Amino acid sequence: MGSEPQPERGAGRRTGLPGRARPLGRGHAVSDDAASFAACVGAPAVLVAMPEEAAPFLDSATARCAAPQPIGTAEAHALELDGRPVLVVRTGIGLVNAASALSVVLELFDPAVVVSAGSCGGLRSDVNVGDLVLGTEFRYTDADATAFGYAPGQVPGMPASYPASKELVAAASALPAPEGRVLWRGEMLSGGSFVTAQNVGAARETFPAALSTDMETTALAQVCHTRGREFTALRSVSDLCGPGAGQQFHMELDVVARTSADAVLQLLRSLPTA
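So for the sequence shown, my numbering puts the first residue at 1046; every next one is plus one.
In case anyone wonders, no lab produced these hints; they're calculated from the structure.
Note that the coordinates shown come from a computational prediction; the quantities given were computed from them, not determined experimentally.
It cannot be assumed that every hint is accurate.
To be verified - The following label-pair restraints were derived from C-beta to C-beta distances: (1) Pro1113 - Glu1152: 31 to 37 angstroms; (2) Ala1242 - Asp1189: 19 to 25 angstroms; (3) Ala1219 - Arg1109: 50 to 56 angstroms; (4) Asp1299 - Glu1250: 17 to 23 angstroms; (5) Glu1250 - Ala1215: 40 to 46 angstroms; (6) Val1141 - Gly1225: 21 to 27 angstroms; (7) Thr1118 - Pro1208: 15 to 21 angstroms; (8) Val1300 - Ile1138: 18 to 24 angstroms; (9) Gln1243 - Val1141: 23 to 29 angstroms.
Don't be surprised by glycine CBs; every beta carbon is placed ideally from N, CA and C.
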């Protein structure tokens, strides 16, 4: 069988926008009537895993510039927030979903800034639900090539951890903490398995400085590292992986999603316009 004909590229920078349709994944394309997505080329990209985590951004938008567009199993929203274009992408849960969605976003929209938002699990014993975690470096919980001399969490051929953008961390560090809560700065973990009360001890022993864990952020950090993009994460703690006696261990997803979104929106407002 011969190869399938490739769609023509349109007028957008590094995109098929707003010319003829360009696939965003098997069976999906951006069409001419979604040309407003071209306004998001170069705009900040915010990635979340779940619809509940995207909802606060959609609710805060001053305009929705186009209908949502599928990116494989992910979904992209072209929004205007306080007069600025922002691309919000719901990736789906997990490392591969996050990395594959971001790879397409980088190719189509070329964002200079990428932020991971939404919920996370509190890992360190002094972190509480509702707190906000600003990532300064990112590691994998369940990558293990230590038998060959690599650090815990290190993928062979890659660094042991992925640093956040110093500029984004500095800007986010100036944000006020949520009322009655703490804005933490430090190491965030991600993996393909949930950290629970049964295995939290091992995670804390291996990564004693880690504040939180989720299933997407480090994959996003790795993609941004390999592609030279500015990256950080601002997530709010919804659950505690190993709660202590008397600690509240759960907060509703819509509440922490709003906390994360409010912080990310403040961060984006503080950045200079292109």
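- Broken hints, by number: Going through the list in order, the structure violates hints 1, 3, 4, 5, 6 and 7 and respects the others.
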